[in-house]
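*Asks:* Here is what each chain is made of, one letter per residue.
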Amino acid sequence: MDIRRMTAVNTAKAASWASRLLGKGGTTFSGKLAMKMDPSVLKDLAAQVRKKIFVTCGTNGKTTTNNLLCSMLEAQGYKVVCNRMGANMLEGVAAAFAGAADLAGNLDADYACIEIDEASAVKVFRYFKPDYMIITNLFRDQLDRYGEIDIIMDVLEKAIRMAPDMKIIVNGDDSLAAFMAQETGNPYVCYGISEKVVSGQENSREVREGRFCKNCGALLEYDFYHYSQMGVYHCPSCSFKRPAIQYDASNVSFGNGLSFDVSGRHLEANYRGFYNIYNILAVWSAVSEAQLPTDRFNEVLGSYKPQFGRNEVFRLGESRVLLNLAKNPAGFNQNIAAVLEDKTPKDLIIVINDNAQDGKDISWLWDVDFDSLSHESIRSITVSGIRALDMHLRLKYVGIKSTTSPDTASAIRQKLSEGCKNLYVLVNYTALYDAHKLLQEMEKKYEH
Amino acid sequence: MNIKIVHLYPDLLNLYGDRGNIQCMVMRCRWRGIDAQVKEYRLGDRVDFSDADIVLLGGGSDREQQIVCTKLQSIRSDFSAYVEDGGTVIAVCGGYQLLGHYYDTPDGRMEGLSLVDLYTQQGSPRLISNVILKNEEFPYEIVGFENHGGRTFIGDNKPFGTVAFGFGNNGEDGKEGVMYKNVIGTYLHGPLLPKNPHVCDRLIGTALERRFGSSQLEPLDDEDEKRANRYIVERFVKEEKQASDR
Ligand SMILES: [Zn+2]
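Chains as they are written, first to last, in numbering that gives the first Met the number 0: chain C, 0 to 447; chain L, 0 to 245.
If you're looking for bench data, these hints aren't it; they were derived computationally from the structure. Just so you know, these numbers come straight off a predicted model, no measurement behind them.
Some chain C residues near chain L, calculated using beta-carbon distances under 8 Å: (1) Asp149; (2) Asp389; (3) His391; (4) Leu392; (5) Lys395.
DMTMM-like cross-link-like pairs, simulated, lysine to aspartate or glutamate; straight-line CA separation at most 20 Å: (6) C:Lys400 x C:Glu417; (7) C:Lys359 x L:Glu233; (8) L:Lys3 x L:Asp47; (9) C:Lys395 x L:Glu222; (10) C:Lys400 x L:Asp220; (11) L:Lys180 x L:Glu135; (12) C:Lys213 x L:Asp61; (13) C:Lys304 x C:Glu442; (14) C:Lys395 x L:Asp220; (15) C:Lys359 x L:Glu238.
Facing chain C, a subset of chain L residues (Cβ under 10 Å, in silico): (16) Gly19; (17) Ile127; (18) Gly189; (19) Arg234.
By construction, the Cβ of each residue, glycine as well, lies at the ideal position given by its N, Cα and C atoms.
Construct the entire structure; sequences and hints are all you get.
*Replies:* Here it is as structure tokens:
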């Protein structure tokens, strides 16, 4: 028994319990505390994982992908360490391991599924080297925290080089992620979609990352786009091209629910949003690579409850409310597309904050294609949050009217009482917790 | 009436919501019955300055900026003639740096266009902040967001504003941006123009003046814009005050 580790684990558990009682929901504090009491707590606990450690990185889809993978493993009867709540910096990762350990400071786990913030991977990998890393995609995100996408790529590449045996499972349709995976020299496999699914993407005004070959600087040529820079591409002036895709989705359909074939199997899920095809593909690839059984895959997809704020549905009396996190242009565009897949009348509330975790720089709002919100099915738009006035202006300059309501709670209440019973709430990061809590409480009231 | 807005290399220089600046200029023209057309030039295109009324040069990542700056020299003389003739330019972030003589980084020197007498040196850390500027030529404050590693020095040139909150050109001399003839260079994005309709209208005004000899702009209802601008001013002036009280 290691007394130091035991104390660290127990303190972290107590702190986590206390902070939950105080309603902070923050695991970061307990992880910080544990690492302070025993600097090697993370290293020691990670070493106790009996089989494999998976990590998930990438701008969008981390939490959904990681949690879905965890559910797949649990469905097979395995014990899994997972930072389900998405606390993905070093302290959050430490808190997940400490929280999963027993009171003696020992871990009883077959696998670990850990999502890691791109910039934090270099810190985390000092304590353990994962067996697999999923890279979902690389988009522009929270500019003021990381500077630029080049900086994110550099720091993530540095982390990958710290774990040369780690196998990378990468979205091959993303030229940036695919290029990076190849550059590191680590073993890698790709997933992707080789058939054209979405029409009209050629004319989209969407801001695309990675238009240029990272190898030689030439403008990449695309056979077609799925969205953003996702698609089938090659460089006209050097040998860089979309790598071979081992896990290739075909017969893709999406809209009301989505389905596709991969590795000779038909997969189905009742989720919205094209991006979820990639999330599911990533999990399929990871499970296949680790040679785990896939017999219950569809069953788990069917029963999977998304992490809060990811397509989360609330029933409030006769009203349906869908809460979705949208924290960067690529994510927002995908969310808007998902809103418009629903053709019935709806009200929309957009909440924009500019706290440190959101990114203090909100200029990214102007890279989102809000133009498409001038759609007949959208009956009203209310803007809220710290930067409601900016959001209001953003819409004004594409000729869309909105109502400003700084208090999100009253905005939601108002739409529930006078709206069309179908409400979408799109929020960025720090607005999510409050909106979720509020809707959950309201739902409980309706049940009683 | 119609004017042409030239957007230089949006495929490379589009980092900080430059689309918002374009959108703002177009809409504020349209609301006044002025037709504003946007012409985008890609790298390698021959840029025609003869029918340009407003030129926008945006910001990119260092790598993308490097690609642009090697190609920019071919348009230097035409661009310079346009500026000296009173052509309107709005250059933001990286675009602002490219207006000057050079940008020195540890990896070497990026040659600029030398359109304005200024230069930039890379520094550390990056200067990242909300920004409030004062300039008596404008009826109220200019607000935005800055995020730059470069320290820019403008010599005797007129700044775009004096810094009331934030860092400005270099974090030292209290100046932000530059104004030279009808050129405005600035680190402010966010984007710059929607919350600063007075700046947007000045750009449109100088462009109309040069093209048609009249710059009388019909006033617009700017209540929303002013409210958003005012919010930033009040919030960060308060923050500054609390910090100095401590
Ligand atoms: Zn190439």
